[in-house]
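Position chains B and C against the provided structure of chain A, taking the given hints into account.
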Amino acid sequence: MNIATVEPWVEAPLRRYVDDARARLALLLHTSGQVVAQAGFTRAIDVMTACALASAVHATSAELGRQVDGRPFRGLHHAGPQRQLYLAPAETARGAYICLTVFDDESSLGLVRMYFDELCKELMVAAPPLAPLREPALAVDFERDLNANLAAMFGRN
Amino acid sequence: MSSPFTALLESLSRQRGVRASLIVSENDGLVVDANLRFGQDGDRVAALAASMYRKARMSASAARLGAVGFLQLDAERGRICAVGGRGDLVIVVVAEPAANVGLIRVELLKALDSLT
Amino acid sequence: MADDIHGWSEELARDPSSLVFLQLGEALRRQGQLEVALKIALRGLERHPRHAEAHDLVARIAVDRRDFARAVEEWETVLRISPSHLGAMKGLGYISFQQGRFNDAERFLNEASAGGAGTDVDAALETVRRSSGSIPVPRVGDDPAPDPQRLFADILLDAGQTALLLDANGYVMGGLYLDGDGNDLGQEIGAQLSGISDEVVRATRHLDIGEWRSILFETHAAVVAMAPAADGSLLVVAASKATPLGLLRRLLDRCAQRAAEWLGAGGSR
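Protein chains in written order, with this note's numbering: chain A, 1 to 157; chain B, 1001 to 1116; chain C, 2001 to 2269.
The hints are simulated quantities; they were obtained by calculation from the structure and are not laboratory data.
All values reported here derive from a predicted model rather than from experimental measurement.
The beta carbon of each residue, even a glycine, is placed where N, CA and C say it ideally should be.
One or more of the hints may lead you astray.
Unchecked claim - Straight-line C-alpha distance at most 25 angstroms; calculated BS3-like pairs for lysine-lysine:
no., chain 1, residue 1, chain 2, residue 2
1, C, Lys2241, C, Lys2039
2, C, Lys2241, B, Lys1110
3, B, Lys1110, C, Lys2039
Claimed, not checked - Okay, the calculated bits of chain C under chain B, using three or more residues with CB under 8 angstroms as the criterion:
no., segment
4, 2055-2069
5, 2161-2175
Said to hold, decoys possible - Here are the computed distance ranges between Cβ atoms for each label pair:
no., chain 1, residue 1, chain 2, residue 2, range
6, C, Pro2016, B, Ser1061, 38 to 44 angstroms
7, C, Arg2205, A, Glu106, 15 to 21 angstroms
8, B, Ser1061, C, Asp2104, 34 to 40 angstroms
Chain A with its partners taken away, still in its complex shape (with noise of 0.2 angstroms):
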């Protein structure tokens, strides 16, 4: 499966996870929805909405965890007739990040969930420690960011 990272220590990890899991696709994301690594898809827009649209649905219901049981919701799953998703955060020495994961019936949300943990101690242990802390972003810093991270993942400078 084509694979595309930013930060490289990611590559195997990632790779190993949608190997095991037969996932169809798989995006890592900062929490704010920018790109850290993607498996399986071939455009960079739908990498893009689906950066957005799963930093969203991740915060929304860590904010409704909060409201209903005084703690972020984790895991979160949504099964269509062919395809479905898992959501859930990743913690790294690097941070917090969001994995979304889209598989079908040639694996099962049992199997999406082990091979998830796994993922989540092989990036604990590969994250390199993290750098000194920058000057808080702005809008505009993020936008950048975002749009480096997409050309660099679809080879466009």
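Frame of chain A, contents of chains B and C only:
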């Protein structure tokens, strides 16, 4: 906490050499109920056993062999037995290699009958 | 069949002493509803304790439930009531064979054959004799003709049994899978079934139960056993649903030995 499956699972787990018994959802690979020995990872067993059972069912169907009932996997350090084929539920037993698999099979088929 | 079952059930409800429980129990047994079939048969037996066919039905259900002790008890009762009952002789022959008591199996089947049980019993007798060693199984190298399709032909005991050796890609290396019309479906069946081994490897790896040795499953139409062989290849043995699982394991072991010899000799005989 007891469920409608508690007695069924306890009966399976009483068989000599049985390490765990579970009822799992074949399509989701999730535990519906389980009777596990300490240290057994029920989620893992459910995901993998359901996936294996489903693959056997789909392959047998594609090969025009009909629906799969009982399935038995033998490995160096353990056995997995499963029955299903009536709805989404699969009953799974993890056993020692030396367990009496004939008896386990009979008990699993009885358990399946009582599920439906 | 569903209509028949419904009709017989109604008839039995109207008249609990009716012998229709024999047809109803047998139909349920064939559908795999063994516990219900057993209940019907035992209820009928209570009302007809000297009826040989009722004991025969309970015995057949017991065999399907792998309760061989009960089946032997019932068939012995049948023979006490009706000493020339061919079904009971065949059944006792079958269980003796399943339990490895080949002399007993041969004796019962001989009696059934002498009683006019037909060609099926003659074929079963040959199977028993071959299994007991009266007819030797040739080894690789005994037959100079290099025909991979016939790799397991002399090991398989009847026309309903089949064996395939598949490579790591699911391609057939040896053996045949014939349908009722004599067409070889080996490539198609092999491709479909070979995918199961990937799931098995994954399960054993993550459950930490060591290397897999075999997988066996019962389907509506057949019993199938598979085992890993050299160089990532896969052995598949299938037989009719009536084949005892113990016999299927035995066939798998024999075919595995043959496959190992054949692969060890570079894939030629």
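Status of each hint after checking the structure:
For the suggested pair Lys2241 of chain C and Lys2039 of chain C, the alpha carbons sit about 23 angstroms apart, so the restraint of at most 25 angstroms is met. A distance of roughly 19 angstroms separates the Cα atoms of Lys2241 of chain C and Lys1110 of chain B; the hinted pair therefore holds under the 25 angstroms criterion. Proposed proximity of Lys1110 of chain B and Lys2039 of chain C is supported: the alpha carbons are some 13 angstroms apart, at most 25 angstroms. With 3 residues bearing a CB less than 8 angstroms from a CB of chain B, the segment 2055-2069 of chain C meets the requirement of three and the coverage assertion stands.
A stretch counts as covered by a chain when three or more of its residues have a beta carbon under 8 angstroms from one of that chain; for the segment 2161-2175 of chain C and chain B the count is 0, and the coverage is violated. A hinted range of 38 to 44 angstroms holds for the C-beta pair Pro2016 of chain C and Ser1061 of chain B, which are about 40 angstroms apart. At roughly 18 angstroms, the beta-carbon separation of Arg2205 of chain C and Glu106 of chain A lies within the given 15 to 21 angstroms, and the hint holds. Hint check: Ser1061 of chain B to Asp2104 of chain C, Cβ distance near 39 angstroms, so the stated range 34 to 40 angstroms holds.
Checked against the numbered hints given earlier, this structure breaks only hint 5.
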